[in-house]
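A.B. asks: Okay, here's what each chain looks like letter by letter:
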Amino acid sequence: MQRFINNPDEVVEDTLKGFVKAHRDLVRLSERNPRVVAAQVAPIAGKVGVITGGGSGHEPAFIGYTGRTMLDAVAVGELFSSPTAKSFLDAAREANGGKGVVCLYGNYAGDNMNVKMAVQLAAKEGLTIATVVANDDVCSAPASEREKRRGVAGEIFMWKVGAAKAAEGASLEEVRATAQKAIDSCRSVGIGLGPCTLPAVGHPNFEIAPGTMEVGIGHHGEPGTRVEPLKTAAEIGRDMASIVLDDHGLAAGTEVAVLVSGLGATPLNELYILNDAIEAEITARGLVVHKTYVGNYFTSLEMVGATLTVMALDDELKRLLAVEAACPAGL
Amino acid sequence: MQSFANEGAAGMVLAVAGVIVANRAYLSEIDGKIGDGDHGVNMAKGFGMAAERIGPDMSLATAFDSLGTVLMSEIGGSMGPLYGMMFTRFAETIDKVPAIDAAAFSAMLASGLDGIETIGAAKVGDKTLLDTLVPAKTAFDAAIAEGQSFASALDALSTAAEAGRDSTKDLVAKIGRASRLGERSLGVLDAGATSCALILTTLATEAKARLGA
Numbered sequence: 001m002q003r004f005i006n007n008p009d010e011v012v013e014d015t016l017k018g019f020v021k022a023h024r025d026l027v028r029l030s031e032r033n034p035r036v037v038a039a040q041v042a043p044i045a046g047k048v049g050v051i052t053g054g055g056s057g058h059e060p061a062f063i064g065y066t067g068r069t070m071l072d073a074v075a076v077g078e079l080f081s082s083p084t085a086k087s088f089l090d091a092a093r094e095a096n097g098g099k100g101v102v103c104l105y106g107n108y109a110g111d112n113m114n115v116k117m118a119v120q121l122a123a124k125e126g127l128t129i130a131t132v133v134a135n136d137d138v139c140s141a142p143a144s145e146r147e148k149r150r151g152v153a154g155e156i157f158m159w160k161v162g163a164a165k166a167a168e169g170a171s172l173e174e175v176r177a178t179a180q181k182a183i184d185s186c187r188s189v190g191i192g193l194g195p196c197t198l199p200a201v202g203h204p205n206f207e208i209a210p211g212t213m214e215v216g217i218g219h220h221g222e223p224g225t226r227v228e229p230l231k232t233a234a235e236i237g238r239d240m241a242s243i244v245l246d247d248h249g250l251a252a253g254t255e256v257a258v259l260v261s262g263l264g265a266t267p268l269n270e271l272y273i274l275n276d277a278i279e280a281e282i283t284a285r286g287l288v289v290h291k292t293y294v295g296n297y298f299t300s301l302e303m304v305g306a307t308l309t310v311m312a313l314d315d316e317l318k319r320l321l322a323v324e325a326a327c328p329a330g331l
Numbered sequence: 001m002q003s004f005a006n007e008g009a010a011g012m013v014l015a016v017a018g019v020i021v022a023n024r025a026y027l028s029e030i031d032g033k034i035g036d037g038d039h040g041v042n043m044a045k046g047f048g049m050a051a052e053r054i055g056p057d058m059s060l061a062t063a064f065d066s067l068g069t070v071l072m073s074e075i076g077g078s079m080g081p082l083y084g085m086m087f088t089r090f091a092e093t094i095d096k097v098p099a100i101d102a103a104a105f106s107a108m109l110a111s112g113l114d115g116i117e118t119i120g121a122a123k124v125g126d127k128t129l130l131d132t133l134v135p136a137k138t139a140f141d142a143a144i145a146e147g148q149s150f151a152s153a154l155d156a157l158s159t160a161a162e163a164g165r166d167s168t169k170d171l172v173a174k175i176g177r178a179s180r181l182g183e184r185s186l187g188v189l190d191a192g193a194t195s196c197a198l199i200l201t202t203l204a205t206e207a208k209a210r211l212g213a
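The listed protein sequences derive, respectively, from chains A and B.
Numbering of the first sequence is given in the UniProt record's numbering, commencing with residue 1 and proceeding in unit increments.
Numbering of the second sequence is given in the UniProt record's numbering, commencing with residue 1 and proceeding in unit increments.
In isolation and in its complexed conformation, chain A is listed as follows (with noise of 0.2 Å):
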């Protein structure tokens, strides 16, 4: 596969580099870690600051959700790999306003145990780091055990409605409980088509026989519940809407935020053809389609597929979505 990198064992450095050069009017390095994303406005004085941080690989996110009213810093990690303890403490210093800060981040034994060790750091200080962890990927565990799932493209809507919410002036602890309301309201799913290669390996990570698909497939490629041939986008995009929803219970007439997102290697024109049928499926069971977002929001490096995040909002979810902000992902 062709690319454009410079030295493999680089391509976070060389990443942000450009990033922050493409968005200076959002976004800075911190002068304190050169894998810290900080907003151009953070800290803002007297308010929670907001944080997360992840591997890299799965531009836009993490740190293109950095900007004003978003996220105020962000950790930055290699390559589908935890951002270091270190990196997480300096994220939070970033973002301090003086009212403590609130760390959203996935559901991964790297990223818990980084942060826990950050926030046992931060707290020697007397910062004060809450923390929210995402679980939203449906097919990642059964519903039995939802403290296992892992989090995906539903930290979108978590950071978007965590960022809104401190913006308003609300308290550590209102920061944390809404962000974890977000979370809480969300479910998501991934179908894999293709594999993706991290550049310093050189092969791709697993594959996908031709002619069958991935239904489940996380974010790093971690296999689905299950191989099944590949369908038309209508069957695929029911299907999708399907796991979510059977796994969601929401009562007829709830209103509900859609993102559909690639995972790097599948054109925008079939996401809104597979929008359609999610679409469907979802106004087929009685619910309400309140704001839909299509487009390469969360991806793993070129991986070809798509994920499906559904969010039940509430008048209060509805309102912090609708808050203006600005990030480089154009959120």
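Hints are computed from structural coordinates only; laboratory data are not their basis.
As the structure is a computational prediction, the values presented were derived from the model and not from experiment.
Straight-line alpha carbon distances no greater than 30 Å define the calculated DSS-like cross-link-like pairs of lysine-lysine that follow:
#1 174(B) - 148(A)
#2 33(B) - 116(A)
#3 33(B) - 231(A)
#4 124(A) - 96(B)
#5 181(A) - 174(B)
#6 116(A) - 174(B)
#7 116(A) - 148(A)
#8 123(B) - 116(A)
#9 148(A) - 123(B)
#10 148(A) - 33(B)
Here's a subset of chain B near chain A, in silico, CB distances under 10 Å, partners left out:
#11 29
#12 175
#13 182
We treat Cβ as the ideally placed atom computed from N, Cα and C, and that holds for glycine.
Go by the hints and put chain B onto chain A.
C.D. replies: Just chain B now, kept in the frame of chain A:
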């Protein structure tokens, strides 16, 4: 009492770093079967970076501390904090011990294991590096309790580490990225258990060489 000098034993850690760097592709290949295939890349990066900061004349404790610090502060992922914690604890345990004997070596392993258990949530049988580390430590302690020499206890440690590593082939992953695979993680070695075996067997070989055994 058999022992080797802490001072000037940094070469043990450099040897470990060398083995990890040499196994970069192998570890990534194993990881790629049930993980995302970057274990070797990240491990080699961290151990290689640490090797550049470790002088051969340093003490073993200082070298362990350098390695632990690099892994913890610059590598991230799961292995950065886990191995970072292990080596930092190794360093703390033997910091004031001029001559490393079997008791000091055992205390070091115990403290490293405790450090890992403090931040991780895995247990033996979950298909992780603990499946190598725990039996290796147990075998070392058992050999010493039976009255074997430090050197033959190190052999027991190596044998148990390799058997522990191989045991992960028949385990279903319960934690970390591979746990999402369920039954599909069967039949493949765990990458962390494999790197842990490399680390322990290299340390054992290097320690034996210093014991003149």
